[in-house]
Amino acid sequence: MEFEKPISLIGDRRGKHLALLIIAVIILVWVGNLIFFYSQQLAQPIFFRHYYALNVYNDVNFSLYYLANRSLDKEISYIEIPGLEISPRQEVYKENEYSHHLLKQINVTVERGELEKQLAQGDFKFNEIIAHLSSGETITLPVGEINFQWIDTKSPLSNQVVKSSTSNEGYTLWRAESAVKVKAMTYRFKELLGDHLEITLNKKLPLQLEQGDTLKVNYRFLFDDDNVVAAKSYYHIDPLLEVETGNDGTLTVTGEHLTYMPYFTNADIRKFVKQKGDSQ
Amino acid sequence: MTKAAEHFRKIVWGLVISLFDIHIMNINILPDTVGYVLVIIGLERLSAWNTNFSKAKTAALILAVCTIPDFIKFAPNLLVTTQISIWLLIYNSILTLIKAVLIYHIFTGIIQLAKDRGLEDLYQQALARWKLYAVIIGFHLITTPFQLNFLSDWQLLYIVLTLIVLIVEVTVIVLINRAGKQLSSVE
Chain A
0 MEFEKPISLI GDRRGKHLAL LIIAVIILVW VGNLIFFYSQ QLAQPIFFRH
50 YYALNVYNDV NFSLYYLANR SLDKEISYIE IPGLEISPRQ EVYKENEYSH
100 HLLKQINVTV ERGELEKQLA QGDFKFNEII AHLSSGETIT LPVGEINFQW
150 IDTKSPLSNQ VVKSSTSNEG YTLWRAESAV KVKAMTYRFK ELLGDHLEIT
200 LNKKLPLQLE QGDTLKVNYR FLFDDDNVVA AKSYYHIDPL LEVETGNDGT
250 LTVTGEHLTY MPYFTNADIR KFVKQKGDSQ
Chain B
0 MTKAAEHFRK IVWGLVISLF DIHIMNINIL PDTVGYVLVI IGLERLSAWN
50 TNFSKAKTAA LILAVCTIPD FIKFAPNLLV TTQISIWLLI YNSILTLIKA
100 VLIYHIFTGI IQLAKDRGLE DLYQQALARW KLYAVIIGFH LITTPFQLNF
150 LSDWQLLYIV LTLIVLIVEV TVIVLINRAG KQLSSVE
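One line per chain: the protein sequences are A and B, in this order.
Numbering-wise (numbering that gives the first Met the number 0), the first sequence opens with residue 0 and increments by one.
Numbering-wise (numbering that gives the first Met the number 0), the second sequence opens with residue 0 and increments by one.
The shape of chain A in the complex, shown without the other chains (with noise of 0.2 angstroms):
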């Protein structure tokens, strides 16, 4: 009976340098994926920007996304909101999870209290965060621009907001509840979405409504790819009608919040990090 020679993988000397190249590529792989994921970390929690208008009648829900590395070896433990003298209850969630990247969610809830002695002096808004770290660090980071305003309860217009199955479109619906005149319409964050918010209503302003009479107004949010970091905010715009009364003169009514939330694939994650890494 005749063999082939025992073991030709690794017995000889064309084995031998079989067994050390793979192992030299298995070290060479090791190297460039270790090189590539410490140059995606990122050295501290990245918050997206936020541009919300929220309404004030009661406690203030709302929530705040960011990211983290997946290693989450600079975790936020909890966040403070600079001007408010008690810190907000606040929970995080795991949103989602990419390659690098935990997308993290905050879910905020500030008293009415609290809100009611900043709003006695004027406007509130906050622009950053004080994050507090599992590492024992504290840092400020930006986080957009958040706004509180009191909402007038007695309004005379109804209204409500009907969302398109992928929320970034869909129409606000006013309805008069007695005799009014619309007078103009604007929203809040108007300068800065510019041409990325498209707002068309079906009647020309000025306009006078008899009661129940409609007025709708269809929105479109519009991104294109090559400003990540807009794209990639979180938008919750209220319109605004200025609108007069027999009664009460010229008001300001806000509706309903048209909502912005983006989605992001693992490439826009990796571009969205470039970017901020880029404009730091």
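Source of the hints: derived by calculation from the structure; they are not laboratory data.
Every residue gets a Cβ at the ideal spot worked out from N, C-alpha and C, and that includes glycine.
Mixed in with the good hints there might be a few duds.
Label pairs and their computed distance ranges (CB to CB) [as the list claims (entries may be wrong)]:
{"hint": "1", "chain 1": "B", "residue 1": "Leu165", "chain 2": "A", "residue 2": "His16", "range": "26 to 32 angstroms"}
{"hint": "2", "chain 1": "A", "residue 1": "Gly82", "chain 2": "B", "residue 2": "Ile28", "range": "54 to 60 angstroms"}
{"hint": "3", "chain 1": "B", "residue 1": "Cys65", "chain 2": "A", "residue 2": "Gln104", "range": "37 to 43 angstroms"}
{"hint": "4", "chain 1": "B", "residue 1": "Leu160", "chain 2": "A", "residue 2": "His16", "range": "21 to 27 angstroms"}
{"hint": "5", "chain 1": "A", "residue 1": "Ala183", "chain 2": "B", "residue 2": "Asp152", "range": "44 to 50 angstroms"}
{"hint": "6", "chain 1": "B", "residue 1": "Leu165", "chain 2": "A", "residue 2": "Gly82", "range": "53 to 59 angstroms"}
{"hint": "7", "chain 1": "A", "residue 1": "Asn106", "chain 2": "B", "residue 2": "Leu165", "range": "15 to 21 angstroms"}
{"hint": "8", "chain 1": "A", "residue 1": "Lys124", "chain 2": "B", "residue 2": "Leu165", "range": "27 to 33 angstroms"}
{"hint": "9", "chain 1": "B", "residue 1": "Leu160", "chain 2": "A", "residue 2": "Gln43", "range": "30 to 36 angstroms"}
With the hints as your guide, set chain B onto chain A.
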């Protein structure tokens, strides 16, 4: 059953224990270390047959020591966790590499004994199984570091690869078991 068959049986059970983990609370009741100690006992008795079993024993000894942390489940499952542990990936890769050395020496011993005793079928099967194992483990070792960067993109691929590695390791154990029986019968 002959003495040699008993020793091969110890190696087989040792490798089975090292392959599977059963956790009760956080304690592993089938720790890899116990499996490798069984492998060492089996190889110790077979060392007189072939020097490759003696070389395999050294690899098994290193594995027995390195897998002591396996008693307690401190390591998260990479396929379900949100955290990435670089050290855990490196640790697992080194263990896989040392285990490949162990399997290589066991198979070299089996192939040479099969040659000496004229067991051509066993010789050919062992050679083919080793080649399959070497290719799969080589591919597994090369793709493992990519988990650092592409785990979420290629999660399904990693699950399939893990299953393939498990199946190939089972077929390797089956062949060692068969080798024990056949080599003992012509002892």
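Exercise. At the C-beta level, are Ala183(A) and Asp152(B) separated by a distance inside 44 to 50 angstroms?
Worked result: Because 49 angstroms falls inside the window, the suggested range holds.
For this session: Given the range 26 to 32 angstroms, decide if the beta-carbon distance of Leu165(B) to His16(A) lies inside it.
Result: holds, 30 angstroms
Exercise. Between Leu165(B) and Gly82(A), is the Cβ distance one that fits in 53 to 59 angstroms?
Worked result: Holds - the Cβ-Cβ distance for Leu165(B) and Gly82(A), about 57 angstroms, lies within 53 to 59 angstroms.
Exercise. Leu160(B) and Gln43(A), beta-carbon distance inside 30 to 36 angstroms?
Worked result: holds, 35 angstroms
Exercise. Is the hinted range of 37 to 43 angstroms satisfied by the C-beta distance from Cys65(B) to Gln104(A)?
Worked result: Hint holds: Cβ distance 40 angstroms, inside 37 to 43 angstroms.
For this session: Starting from the range 27 to 33 angstroms, see whether the pair Lys124(A) and Leu165(B) falls in it by beta-carbon distance.
Result: Since Lys124(A) and Leu165(B) have Cβ atoms about 57 angstroms apart, the given range 27 to 33 angstroms is violated.
Exercise. How does the Cβ-Cβ distance of Gly82(A) and Ile28(B) compare with 54 to 60 angstroms: does it lie in that range?
Worked result: Because 56 angstroms falls inside the window, the suggested range holds.
For this session: With respect to the beta-carbon atoms only, verify the hint that Asn106(A) and Leu165(B) lie 15 to 21 angstroms apart.
Result: At 41 angstroms between Cβs, range violated.
Exercise. At the C-beta level, are Leu160(B) and His16(A) separated by a distance inside 21 to 27 angstroms?
Worked result: Given about 26 angstroms between the Cβ atoms, the range holds.
In summary, the structure is inconsistent with hints 7 and 8 from the numbered list given earlier, while agreeing with the others.
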